[in-house]
Amino acid sequence: MESWINPACSKCQSALTILDAEQARYTVRHYLEDPPNAAELDAVLRRLALEPWDITRLGEPIAAELGLAAWPRQPAERTRWIETLAVHPALIQRPIITADDGTTVLGRSPESVRSVLR
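Note that our numbering numbers the sequence shown so that position 73 is 60, with each residue one more than the last.
Warning: the hint list may mix true and false statements.
Label-pair restraints from in silico Cβ distances [what the hints assert, rightly or not]: (1) Q61 - D87: 32 to 42 Å; (2) S(-3) - D41: 38 to 48 Å; (3) L53 - R105: 30 to 40 Å.
It is worth saying that the hints were derived from the structure and are not from the lab. Think of the CB as a built atom: it goes at the ideal place given N, C-alpha and C, for glycine as much as any other residue.
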């Protein structure tokens, strides 16, 4: 199992606490220091069944700077969004947890974190 986290994030800390309590075996990827490339993001998005704009943190200063809130959210723009997330990983919602079987969740709630343990 792999968890993409920002160690300063309370949701990430909560997710790791749950994984530890359940004695889950996992690796941590500090995605701000080791950002995913566009191909990795595309694969994660497909497993999540989400679009890149669904996991974009629009409240980040760089999002405002780039004007992301006004960007089109259409299939033709998907690559543009993914490439932007790869260049600016602070825009990626967290934590993202991928289980060994490929099941992937956005672990913002305890329920979603626990769902990859089943």
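Outcome for the supplied range 38 to 48 Å, where the beta carbon pair is S(-3) and D41: Violated, at about 21 Å.
Could you check the hint for me, namely that L53 and R105 are 30 to 40 Å apart, CB to CB? holds (38 Å)
Does the beta carbon distance between Q61 and D87 stay inside 32 to 42 Å, or does it fall outside? holds (34 Å)
Taken one by one, the earlier hints fail for this structure only at number 2.
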